[in-house]
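There are 2 protein chains.
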Amino acid sequence: MTPPLRPITQEIAVTFRYPVHFTRGLFRPENPLLAQTLARADEAGPKKVLAVVDEGVARHHPELTRHLSAYLAAHPGLELVAAPLVVPGGEAVKNSPETVHALQRAVHTHGIDRHSYLLAVGGGAVLDMAGYAAATAHRGVRLVRVPTTVLAQNDSAVGVKNGVNAFCKKNFLGTFAPPYAVLCDLDVLTTLEQRDWVGGLAEAVKVALLKDARFFDFLEAHAAALRDRDAEAMAWAIYRCAELHLEHIATAGDPFEFGSSRPLDFGHWAAHKLEAVTDYRLRHGEAVAIGIALDATYAHLSGRLPRGDWQRILALFDALGLATYTPELETGALLTGLEEFREHLGGRLTIMLLDSIGRGVEVHDMDHATIRRAAQLLGARAKGETWTQDATFAAAAR
Amino acid sequence: MTPPLRPITQEIAVTFRYPVHFTRGLFRPENPLLAQTLARADEAGPKKVLAVVDEGVARHHPELTRHLSAYLAAHPGLELVAAPLVVPGGEAVKNSPETVHALQRAVHTHGIDRHSYLLAVGGGAVLDMAGYAAATAHRGVRLVRVPTTVLAQNDSAVGVKNGVNAFCKKNFLGTFAPPYAVLCDLDVLTTLEQRDWVGGLAEAVKVALLKDARFFDFLEAHAAALRDRDAEAMAWAIYRCAELHLEHIATAGDPFEFGSSRPLDFGHWAAHKLEAVTDYRLRHGEAVAIGIALDATYAHLSGRLPRGDWQRILALFDALGLATYTPELETGALLTGLEEFREHLGGRLTIMLLDSIGRGVEVHDMDHATIRRAAQLLGARAKGETWTQDATFAAAAR
Ligand SMILES: NC(=O)c1ccc[n+]([C@@H]2O[C@H](COP(=O)([O-])OP(=O)(O)OC[C@H]3O[C@@H](n4cnc5c(N)ncnc54)[C@H](O)[C@@H]3O)[C@@H](O)[C@H]2O)c1
Ligand SMILES: NC(=O)c1ccc[n+]([C@@H]2O[C@H](COP(=O)([O-])OP(=O)(O)OC[C@H]3O[C@@H](n4cnc5c(N)ncnc54)[C@H](O)[C@@H]3O)[C@@H](O)[C@H]2O)c1
Ligand SMILES: [Zn+2]
Ligand SMILES: [Zn+2]
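Note that the protein sequences, when read in sequence, are chains A and B.
The numbers in full-length UniProt numbering rise by one with no breaks, and the one at position 212 of the first sequence is 212.
The numbers in full-length UniProt numbering rise by one with no breaks, and the one at position 140 of the second sequence is 140.
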């Protein structure tokens with residue numbers, strides 16, 4: 001008989017590195033950023049590029065795919081393998097396995113290899129879907145993300161996750177796969193619908209609440225400008241929000257989320273559920289604003305968050321033009337979102353709440369009755385019912 | 001206008017750690033290994049387990065799924081969520097997207113989360129397929145691999161890759177995703193067909209040739225015992241081969257293969273092509289033996305590998321009962337395997353050859369005429385034509 005064979009402990013360290021750039025006019029011929037990003041002196045041959053463009057972007061920026069093609073044609077070291085593929089924008093594309101398959105097929109057909117690029121231009125939904133296709137074809141081809149919404153630039157596209165929906169579960173399929181580079185073009189945002197313009201700011205409010213009270217002050221001070229489409233205020237808000245997200249991922253010790261907590265997902269247990277139960281009528285950012293309002297109210301009702309902080313949060317959403325209530329908050333289905341959230345992260349339920357503006361705190365259960373009261377309160381406030389009457393309010397909040 | 005926003009360089013370090021165990025009678029009630037691996041004192045609640053078993057294993061070990069179920073039932077901290085799913089064994093399962101989908105659906109249905117386990121029992125093909133499903137559901141649930149073939153124990157299951165075939169390309173879809181643990185049960189190997197028993201040794205010969213001349217000596221010295229199913233010799237061969245693979249992945253600096261070279265894929269450009277053109281009539285290990293024979297012959301013909309070393313390699317395959325030739329070696333299609341190999345890795349063609357036994361060397365092109373001559377030579381040798389006649393042979397090898 002063989003003597004016992006010693007177990008082997010395998011330890012593998014992998015370092016991922018990618019740049020996040022902020023620019024304007026990314027595809028203008030005089031802008032060197034894209035070429036600098038894709039050209040690699042240390043790698044032979046022209047670099048192949050497969051481009052995927054969000055239909056909403058293509059429609060609002062009819063010149064964009066032309067400029068993109070011309071830009072790549074003008075650089076001898078780069079080869080666009082086919083006309084940019086235009087794919088549906090918005091959540092619909094994450095509900096469509098065929099699109100993932102079509103991109104994987106295009107990678108195959110055009111001989112895109114692990115050193116070639118998938119250049120994905122679009123909102124968070126298109127980038128999540130294209131990122132999943134890129135991460136799985138050849139076990140990962142290089143993904144260059146060009147986010148075109150506020151939310152994608154300040155949050156989703158700078159991170160390490162991709163995903164599509166399956167079995168009616170949000171992001172059920174996906175991977176952790178850092179991009180090759182992220183190129184944010186601030187000019188492209190001008191055509192966003194108002195709901196998407198302000199929607200992305202919900203993530204900025206979120207990260208400010210968790211990590212940076214001064215950033216919250218900034219958002220408060222510039223709320224009207226932000227809402228009224230001041231490009232400069234928005235650029236700063238996006239930059240700081242992206243920076244805080246990046247910092248968290250790099251330094252919080254669990255970039256691939258092996259643990260049970262997801263500290264950046266404040267307000268998200270309800271948000272994910274609200275997106276699903278409204279059949280994605282609510283966009284992610286809109287749902288996050290309501291989810292934050294709910295959890296902030298809960299934190300206040302359960303004696304954590306001081307009243308003043310709580311009111312500042314709701315007032316900021318008002319000033320930004322972001323709703324803090326939707327009738328679905330008061331349906332029983334909402335509460336199943338807690339278990340779904342737990343299941344998606346794995347392990348023990350871990351919910352981020354607030355002790356004050358700028359200071360998050362994790363809890364491991366939530367009281368259902370208090371959640372219901374928080375929802376009612378937001379409902380009453382939305383209907384203008386008793387909100388301004390402090391006495392009634394205090395009673396409700398007791 | 002906004003002042004320029006400084007680019008941010010994101011750097012993320014991720015460490016993966018997993019144990020690789022060698023045992024016997026893994027599912028016997030008195031063997032604590034499985035329970036020790038799955039139970040986690042630091043995590044609440046019973047741990048859910050979804051089990052997937054290779055049909056070939058279930059057929060040859062009819063008691064296995066029963067023992068597995070009984071084992072988990074006997075441990076209060078563990079919960080088998082459903083009867084083990086039996087899936088087809090062999091390459092067919094990697095050609096079947098439905099199986100991946102069925103596993104993802106089972107993860108959904110049974111509420112397997114990122115802290116629950118997918119326990120996959122089978123050959124390399126089943127583990128590659130199940131690993132892909134596990135890596136993508138919830139962006140990765142914990143995968144415990146129980147490899148049941150020589151090849152899976154000494155190579156495929158100890159590494160960090162998974163994958164399925166698509167668009168007629170081997171492993172076109174997959175990810176890099178280290179397992180949670182690898183549990184090798186040496187007892188289960190006894191029922192392997194002879195071709196699978198010796199087939200896995202091709203990977204041992206490969207890694208010995210690249211990294212460890214003394215291991216090559218061991219394989220030579222025990223070739224007859226290995227072929228004739230000596231369990232002890234096989235246990236050592238598997239252990240050392242696994243160890244060399246693990247060492248390489250951990251220390252060679254590119255575990256997720258961002259570069260263009262894949263030093264462990266000696267002989268594999270031809271092997272992958274031979275598997276495909278024979279419609280997977282050749283198993284992976286069988287194809288690797290032929291691929292190594294081809295590239296060793298090529299290395300000799302092109303003046304790298306000394307004659308004595310080259311002959312020892314072919315003689316070892318003979319002694320193990322592994323063929324070094326198949327007629328498909330002499331078809332024109334073989335050469336397209338070079339470009340497909342390059343494309344799958346990405347970047348510049350990089351092929352591992354040999355300078356001597358124990359010392360690999362990378363080259364960036366291969367001469368087609370010399371490949372053809374090498375194939376012919378192996379063909380002549382297989383037919384016993386001129387092999388033993390040194391003069392003729394020398395002429396052919398000129
Ligand atoms: N991967 C992550 O870490 C992460 C993080 C947060 C959110 N997300 C995901 O991001 C998605 C939401 O992304 P989103 O908020 O960017 O919305 P979205 O991608 O759903 O896009 C909303 C709409 O805007 C259109 N659009 C995009 N860019 C435009 C532009 N410049 N001008 C005009 N219209 C444009 C789209 O076509 C779409 O119709 C959700 O699926 C969410 O789950 C992912
Ligand atoms: N992921 C990686 O890094 C990696 C590395 C090398 C090979 N591979 C892949 O592994 C696959 C080959 O795996 P393999 O050589 O293990 O063969 P296999 O998985 O194709 O199995 C061969 C046959 O053996 C049967 N079988 C399995 N265990 C048995 C047992 N104990 N007794 C009796 N029959 C048994 C199976 O049902 C199947 O019919 C290929 O797809 C190859 O590409 C992957
Ligand atoms: Zn979000
Ligand atoms: Zn192999």
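Be a bit skeptical, because a hint or two may be false.
[Said to hold, decoys possible] Computed cross-link-like contacts, DSS-like style, restricted to lysine-lysine with a CA-CA straight-line distance of at most 30 angstroms:
| # | chain 1 | residue 1 | chain 2 | residue 2 |
| --- | --- | --- | --- | --- |
| 1 | B | Lys-169 | A | Lys-161 |
| 2 | B | Lys-161 | A | Lys-169 |
| 3 | B | Lys-47 | A | Lys-169 |
| 4 | A | Lys-211 | A | Lys-169 |
| 5 | A | Lys-211 | A | Lys-161 |
| 6 | A | Lys-47 | B | Lys-47 |
| 7 | A | Lys-47 | B | Lys-161 |
| 8 | B | Lys-169 | B | Lys-211 |
| 9 | B | Lys-211 | B | Lys-161 |
| 10 | A | Lys-47 | A | Lys-211 |
| 11 | B | Lys-161 | B | Lys-47 |
| 12 | B | Lys-211 | A | Lys-161 |
| 13 | A | Lys-161 | B | Lys-383 |
[Stated by the list, open to error] A few chain A residues that don't get close to chain B, going by computed Cβ distances all over 12 angstroms:
| # | residue |
| --- | --- |
| 14 | Ala-13 |
| 15 | Pro-84 |
| 16 | Asp-113 |
[Said to hold, decoys possible] A few chain A residues that face chain B, going by a derived Cβ cut-off under 10 angstroms, partial list only:
| # | residue |
| --- | --- |
| 17 | Ala-44 |
| 18 | Arg-142 |
| 19 | Arg-381 |
Derived by calculation from the structure, the hints in this document are not laboratory data.
Idealized CB from N, CA, C, for every residue including glycine.
Hints, verified against the model:
1. B:Lys-169 - A:Lys-161: 26 angstroms, holds
2. B:Lys-161 - A:Lys-169: 26 angstroms, holds
3. B:Lys-47 - A:Lys-169: Holds - the C-alpha atoms of Lys-169 (chain A) and Lys-47 (chain B) are around 22 angstroms apart, at most 30 angstroms.
4. A:Lys-211 - A:Lys-169: 29 angstroms, holds
5. A:Lys-211 - A:Lys-161: Roughly 21 angstroms separates the two Cα atoms, so the pair holds.
6. A:Lys-47 - B:Lys-47: 47 angstroms, violated
7. A:Lys-47 - B:Lys-161: 26 angstroms, holds
8. B:Lys-169 - B:Lys-211: 29 angstroms, holds
9. B:Lys-211 - B:Lys-161: OK: Lys-211 (chain B) and Lys-161 (chain B) at ~21 angstroms, within 30 angstroms.
10. A:Lys-47 - A:Lys-211: 40 angstroms, violated
11. B:Lys-161 - B:Lys-47: Cα-Cα ~25 angstroms, so holds.
12. B:Lys-211 - A:Lys-161: Roughly 37 angstroms between the alpha carbons, so the hint for Lys-211 (chain B) and Lys-161 (chain A) is violated.
13. A:Lys-161 - B:Lys-383: With Cα atoms ~55 angstroms apart, Lys-161 (chain A) and Lys-383 (chain B) exceed 30 angstroms; violated.
14. Ala-13: Given a closest Cβ separation of 5 angstroms, the condition is violated.
15. Pro-84: 21 angstroms, holds
16. Asp-113: 4 angstroms, violated
17. Ala-44: Holds - the Cβ of Ala-44 (chain A) comes within 10 angstroms of chain B, reaching about 5 angstroms at its closest.
18. Arg-142: 8 angstroms, holds
19. Arg-381: Result: violated, 35 angstroms to nearest chain B Cβ.
Hint violations for this structure: numbers 6, 10, 12, 13, 14, 16, 19, all remaining hints satisfied.
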